[in-house]
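Produce the entire structure from the sequences given, and follow the hints as far as they go.
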Amino acid sequence: MLKFEGARSEKNCITISSLVGTKKSHSELKVGNGVKILRKDPVLRVQGLTKQIGAKKIVDKVSFEVYPGEIFGFLGPNGAGKTTTIRMIVGLSAISEGDVWIKGVSLKKNFEQAIAHVGGIVENPELYKFLTGYQNLLHFWRMCKGVSKERIDEVVRIVGLEKRIHEKVKTYSLGMRQRLGLAQALLHSPSILILDEPTNGLDPAGIREFRDLLKKLAAETGLAVFVSSHILSEMELMCDRIGIIQQGKLIEVKEVRDFVDAEEEHAVLFLIDPLPEADSYLKKMFPDYQLTVTEDGILAKIKREQIPDLNAMLVTHGIRVYGIQKATKTLEDRFLEITGGGQIA
Amino acid sequence: MLSFVKLLQNESMKIYRRIGTWVMIGILLVVTLLFGILLKIDSPNDFEGKDWRTVLEEENKSYEKELAKVEEEGNARLYQDFLKESYAINQYRLDHNISPEDSAWEFVHNAASLISLITLFTIIVGAISVAGEFSWGTVKLLLIRPVSRSKILLSKYIATFQFALTMLVILFLFSFLIGALLFGLGDVTKPYLAYENGQVVEKNMFLHTLSLFGFQCIDLLMMATFAFMISAVFRSSSLAIGLAIFLMFTGVQLVSILAAMDITWVKYLLFANTDLTPYFDGTPWIEGMTLSFSITMLVIYFVLFNVTSWLIFNKRDVSV
Chain A
1 MLKFEGARSE KNCITISSLV GTKKSHSELK VGNGVKILRK DPVLRVQGLT KQIGAKKIVD
61 KVSFEVYPGE IFGFLGPNGA GKTTTIRMIV GLSAISEGDV WIKGVSLKKN FEQAIAHVGG
121 IVENPELYKF LTGYQNLLHF WRMCKGVSKE RIDEVVRIVG LEKRIHEKVK TYSLGMRQRL
181 GLAQALLHSP SILILDEPTN GLDPAGIREF RDLLKKLAAE TGLAVFVSSH ILSEMELMCD
241 RIGIIQQGKL IEVKEVRDFV DAEEEHAVLF LIDPLPEADS YLKKMFPDYQ LTVTEDGILA
301 KIKREQIPDL NAMLVTHGIR VYGIQKATKT LEDRFLEITG GGQIA
Chain B
1 MLSFVKLLQN ESMKIYRRIG TWVMIGILLV VTLLFGILLK IDSPNDFEGK DWRTVLEEEN
61 KSYEKELAKV EEEGNARLYQ DFLKESYAIN QYRLDHNISP EDSAWEFVHN AASLISLITL
121 FTIIVGAISV AGEFSWGTVK LLLIRPVSRS KILLSKYIAT FQFALTMLVI LFLFSFLIGA
181 LLFGLGDVTK PYLAYENGQV VEKNMFLHTL SLFGFQCIDL LMMATFAFMI SAVFRSSSLA
241 IGLAIFLMFT GVQLVSILAA MDITWVKYLL FANTDLTPYF DGTPWIEGMT LSFSITMLVI
301 YFVLFNVTSW LIFNKRDVSV
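Sequence lines, in order, name chains A and B. Note that our numbering has the first sequence beginning at 1, numbered continuously upward. Note that our numbering has the second sequence beginning at 1, numbered continuously upward.
One should not assume that every hint holds.
[Claimed, not checked] One side of the interface only, derived from the structure: several residues of chain A facing chain B at Cβ under 10 Å:
hint, residue
1, Ser93
2, Ile115
3, Val118
4, Glu123
5, Lys326
[What the hints assert, rightly or not] When the alpha-carbon atoms are kept at most 20 Å apart in a straight line, the in silico EDC-like pairs for lysine to aspartate or glutamate are as follows:
hint, chain 1, residue 1, chain 2, residue 2
6, B, Lys6, A, Glu150
7, B, Lys315, A, Glu97
8, A, Lys129, A, Glu167
9, A, Lys56, A, Glu97
10, A, Lys56, B, Glu58
11, A, Lys108, B, Asp317
12, B, Lys84, B, Glu59
13, B, Lys69, B, Glu59
14, B, Lys151, A, Glu112
15, B, Lys6, A, Glu112
16, B, Lys84, B, Glu58
17, B, Lys315, A, Asp99
18, A, Lys109, B, Asp317
19, A, Lys61, A, Glu252
20, B, Lys315, A, Glu112
Worth flagging that the hints you see were computed from the coordinates, not collected in a lab. Since we're looking at a predicted model, the values are computed, not measured. Beta carbons are placed, not taken as given, at the ideal position from N, Cα and C, and that holds for glycine.
Structure representation (structure tokens):
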């Protein structure tokens with residue numbers, strides 16, 4: 001459930017959604033009694049952000065907004081300017097042009113006030129290895145204002161590190177370090193989390209765990225998450241919206257569903273036996289369909305509602321169907337299409 | 001203000017939670033102890049069974065001979081001064097019946113030479129304090145807090161010198177303890193003999209030892225500040241430590257060589273000015289150098305080092 005952190009949150013609750021009605025789910029929040037509240041103001045607003053080194057623009061007029069409760073993915077091939085953008089947003093890199101507003105506060109003009117709302121991990125969560133997990137959190141706790149010491153225990157619980165928190169970080173696995181990294185980022189109850197390649201080096205179970213935790217935090221506390229990655233399938237599973245950056249320019253910002261469901265027809269793979277018989281039968285029955293025989297079965301390009309029909313036809317004809325797979329055009333395909341393939345390597 | 005105290009707590013935690021720091025403290029204690037034992041074994045206290053008066057008289061005879069020889073050759077001004085000083089002090093001891101035998105205070109006085117070890121350790125701590133954050137990658141978490149970079153740098157700088165001060169106190173107390181154990185407390189009221197403007201002067205031993213520590217600390221302050229600057233500029237602790245230690249050991253040698261060659265611009269070098277004791281107790285490197293000149297030079301270097309670290313640390317992008 002959402003915990004209001006004093007006036008900070010209330011200021012941003014502009015209207016009750018029933019008055020507006022049509023807003024997308026990412027800007028809606030559920031509060032205790034189920035009343036939906038809409039936050040109209042973006043937590044993070046990036047406007048014309050540019051990083052110029054010499055004559056080269058590494059990041060070129062990037063603009064976007066991230067709203068409360070939303071997980072925003074920042075996707076791009078290596079060297080596209082993802083990390084540079086993130087470094088500018090958290091103040092590690094100087095901004096050449098443009099500005100970043102966090103909860104309406106300009107990062108350029110008022111760094112300390114703006115950054116107080118940000119929790120971040122830039123690339124790997126590198127913590128003090130010679131300190132215990134708890135001492136690391138204590139260290140960062142001392143650097144934020146107005147946070148009770150009990151909050152340290154609270155974030156330790158959130159990330160599930162209670163058992164090992166008093167051990168030295170050098171004994172931690174990468175997954176545990178990632179959790180500790182997240183704990184330090186959540187310590188001051190930020191309004192936005194900024195994570196640069198957070199799943200780098202994690203094993204599949206770790207990635208899943210991390211993803212679930214982020215989703216939970218975003219849904220339950222209205223935390224906005226800005227996450228960069230080049231692991232495309234990962235972004236697809238985690239994010240609400242995705243911005244694609246290439247050669248320093250933000251070329252597209254879309255809802256994840258828009259990316260993937262853009263086409264009406266899907267490629268559906270039917271795992272069937274016997275193959276030749278099924279092929280000739282289907283070709284006879286549905287001469288208009290695009291059918292391809294593959295190693296395992298038949299790939300059909302059909303609309304969603306045609307899937308059960310086709311299946312029924314096969315079954316009644318005595319053809320054994322072992323499985324039906326939606327060979328969805330993944331975000332990866334779309335991504336490669338947009339960024340022109342070769343760039344990613 | 002309160003927030004700054006917290007930053008200092010953080011930096012101290014990072015210094016004292018590292019094993020390396022405790023190794024340094026251990027080394028300081030062991031070296032002080034060994035130094036004491038070495039002095040005890042090679043003790044001038046027994047004067048090969050002779051009375052100390054006889055020994056000093058013999059020494060002075062050889063000083064006189066040596067001095068006459070060197071003066072004839074007409075150079076080696078520093079060596080001449082050294083001979084004159086040693087002669088005068090021996091004579092004063094004989095005249096006023098002040099034994100040269102070691103006691104606790106004199107061991108503390110001797111142990112002040114171990115401050116160069118503390119300088120070395122402070123260089124290491126200071127260099128790691130800044131560059132370590134970069135090599136550990138933790139700087140990315142450190143600088144995304146609602147605290148200005150200047151404050152973070154200042155807290156590191158102050159914590160480094162807090163460490164140095166702790167080490168100095170440890171050295172002072174521990175060497176007094178070792179001195180008392182090995183050489184006995186001796187006559188606590190015994191004065192220290194200084195040579196000023198061709199005259200031997202009696203000075204309070206405790207104050208003299210403190211001032212000796214103080215003078216040694218100028219070198220410590222300057223070298224640690226230098227290492228701090230290198231580590232902020234190049235973000236490499238090994239470079240900062242290496243360069244600072246190299247200069248620490250060769251700087252004074254270089255200055256003494258250049259001074260012996262009567263090259264006058266040598267007085268503008270940092271190392272010609274880090275040792276202020278000659279102005280109080282002996283003769284300066286170059287004739288015509290004054291205390292106020294040296295202090296001015298030190299202040300200039302100090303400000304230069306600190307402004308450079310601050311500018312670079314504040315302005316440069318973090319790209320680890």
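Each hint, compared with the structure:
1. Ser93: Holds, because the Cβ-Cβ distance from serine 93 of chain A to chain B comes to roughly 4 Å (cut-off 10 Å).
2. Ile115: With Cβ-Cβ at 5 Å, under 10 Å, it holds.
3. Val118: holds (7 Å)
4. Glu123: holds (7 Å)
5. Lys326: Because about 41 Å separates lysine 326 of chain A from the closest Cβ in chain B, which is outside the 10 Å limit, the hint is violated.
6. B:Lys6 to A:Glu150: Distance ~17 Å between lysine 6 of chain B and glutamate 150 of chain A Cα, so the pair holds.
7. B:Lys315 to A:Glu97: holds (16 Å)
8. A:Lys129 to A:Glu167: Holds. Lysine 129 of chain A to glutamate 167 of chain A sits at ~10 Å (cutoff 20 Å).
9. A:Lys56 to A:Glu97: holds (13 Å)
10. A:Lys56 to B:Glu58: Answer violated: lysine 56 of chain A to glutamate 58 of chain B is near 79 Å, above 20 Å.
11. A:Lys108 to B:Asp317: holds (14 Å)
12. B:Lys84 to B:Glu59: Between lysine 84 of chain B and glutamate 59 of chain B the Cα gap is close to 12 Å, so the pair holds against 20 Å.
13. B:Lys69 to B:Glu59: The given pair, whose Cα atoms are some 16 Å apart, holds under the 20 Å limit.
14. B:Lys151 to A:Glu112: Holds - the C-alpha atoms of glutamate 112 of chain A and lysine 151 of chain B are around 12 Å apart, at most 20 Å.
15. B:Lys6 to A:Glu112: Measuring from Cα to Cα gives roughly 16 Å; hence the hint holds.
16. B:Lys84 to B:Glu58: Judged against 20 Å, a Cα distance of about 15 Å means the pair holds.
17. B:Lys315 to A:Asp99: At roughly 17 Å apart (the allowed maximum being 20 Å), aspartate 99 of chain A and lysine 315 of chain B satisfy the hint.
18. A:Lys109 to B:Asp317: holds (17 Å)
19. A:Lys61 to A:Glu252: Within the cut-off at roughly 13 Å; holds.
20. B:Lys315 to A:Glu112: Status holds; Cα separation ~15 Å.
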